[in-house]
Amino acid sequence: NAGVTQTPKFQVLKTGQSMTLQCAQDMNHNSMYWYRQDPGMGLRLIYYSASEGTTDKGEVPNGYNVSRLNKREFSLRLESAAPSQTSVYFCASSERLGDTQYFGPGTRLTVL
Amino acid sequence: GENVEQHPSTLSVQEGDSAVIKCTYSDSASNYFPWYKQELGKGPQLIIDIRSNVGEKKDQRIAVTLNKTAKHFSLHITETQPEDSAVYFCAASTSSGTYKYIFGTGTRLKVLA
Numbered sequence: 001n002a003g004v005t006q007t008p009k010f011q012v013l014k015t016g017q018s019m020t021l022q023c024a025q026d027m028n029h030n031s032m033y034w035y036r037q038d039p040g041m042g043l044r045l046i047y048y049s050a051s052e053g054t055t056d057k058g059e060v061p062n063g064y065n066v067s068r069l070n071k072r073e074f075s076l077r078l079e080s081a082a083p084s085q086t087s088v089y090f091c092a093s094s095e096r097l098g099d100t101q102y103f104g105p106g107t108r109l110t111v112l
Numbered sequence: 113g114e115n116v117e118q119h120p121s122t123l124s125v126q127e128g129d130s131a132v133i134k135c136t137y138s139d140s141a142s143n144y145f146p147w148y149k150q151e152l153g154k155g156p157q158l159i160i161d162i163r164s165n166v167g168e169k170k171d172q173r174i175a176v177t178l179n180k181t182a183k184h185f186s187l188h189i190t191e192t193q194p195e196d197s198a199v200y201f202c203a204a205s206t207s208s209g210t211y212k213y214i215f216g217t218g219t220r221l222k223v224l225a
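Residue numbers (my numbering), protein chains in the order written: chain A, 1 to 112; chain B, 113 to 225.
What the hints contain is simulated information worked out from the structure, not anything from laboratory work. Do not take every clue at face value.
As the list claims (entries may be wrong) - According to the in silico footprint, chain A covers these stretches of chain B (three or more CB under 8 Å from chain A):
#1 160-169
#2 213-225
To be verified - What follows is a list of derived Cβ distance ranges for each label pair:
#3 B:Glu195 with A:Ala82: 17 to 25 Å
#4 A:Asn70 with B:Val132: 38 to 46 Å
#5 A:Asp56 with B:Arg220: 30 to 38 Å
#6 B:Gly128 with A:Asn70: 42 to 50 Å
#7 A:Ser51 with B:Gln126: 46 to 54 Å
#8 B:Asp129 with A:Ala82: 40 to 48 Å
#9 A:Lys9 with B:Pro194: 22 to 30 Å
#10 B:Ser124 with A:Thr54: 43 to 51 Å
#11 B:Lys169 with A:Ser18: 24 to 32 Å
#12 B:Ser164 with A:Met41: 21 to 29 Å
#13 A:Asn65 with B:Asp129: 44 to 52 Å
Beta carbons are placed, not taken as given, at the ideal position from N, Cα and C, and that holds for glycine.
Full structure from sequences and hints, please.
Shown next, in the form of structure tokens:
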């Protein structure tokens with residue numbers, strides 16, 4: 001089992017560019033999550049998907065969109081990147097909403 | 113809004129000593145309290161968790177205590193080892209009503225050999 005995988009590991013964008021961060025899990029979990037981690041602020045929930053076919057906003061959804069492509073995959077899209085979106089992004093999954101979350105290795109994104 | 117306060121932000125202990133990290137939460141509906149360890153360049157990994165119907169849980173050198181009345185919970189690491197050095201995060205989760213999973217701001221633990 002690979003657990004939760006994320007691609008890419010690193011990315012540099014210019015302001016205004018778009019990109020999609022990919023996440024996949026092989027644990028047959030129902031729920032998936034996207035977080036961002038900034039120094040001194042811990043992890044903040046961007047969006048989550050309680051089950052296949054549903055998505056909901058978290059604490060900091062502005063500037064992002066998500067797609068729950070199927071049970072395994074949950075992608076995060078930045079339509080027009082801004083320097084304030086420079087961060088480390090983590091994807092996580094859990095068997096059900098509220099259960100223990102398992103995190104991927106993260107994507108370090110820099111927006112110039 | 114709801115928040116989780118975590119203290120201290122940094123903690124240095126001698127190898128073999130104990131370390132205690134404390135968190136306070138504001139949402140009385142929170143019912144699940146996990147603790148994560150994050151090593152440099154990696155994602156957070158769950159080390160122990162506790163649910164609201166339990167006051168204490170132990171797993172070898174690690175224990176978590178929960179005081180629902182005071183809305184705080186603590187992580188205790190005994191006989192610390194250099195490999196315990198990492199950043200530790202607490203979180204408080206509410207799965208009834210509007211879902212919330214709020215992390216504390218982290219504690220950088222250094223175990224000095």
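Results of checking the hints against the structure:
no. : hint                              : in the structure
1   : 160-169                           : violated (count 1)
2   : 213-225                           : holds (count 6)
3   : B:Glu195 with A:Ala82: 17 to 25 Å : 38 Å, violated
4   : A:Asn70 with B:Val132: 38 to 46 Å : 43 Å, holds
5   : A:Asp56 with B:Arg220: 30 to 38 Å : 32 Å, holds
6   : B:Gly128 with A:Asn70: 42 to 50 Å : 49 Å, holds
7   : A:Ser51 with B:Gln126: 46 to 54 Å : 47 Å, holds
8   : B:Asp129 with A:Ala82: 40 to 48 Å : 44 Å, holds
9   : A:Lys9 with B:Pro194: 22 to 30 Å  : 27 Å, holds
10  : B:Ser124 with A:Thr54: 43 to 51 Å : 44 Å, holds
11  : B:Lys169 with A:Ser18: 24 to 32 Å : 44 Å, violated
12  : B:Ser164 with A:Met41: 21 to 29 Å : 26 Å, holds
13  : A:Asn65 with B:Asp129: 44 to 52 Å : 47 Å, holds
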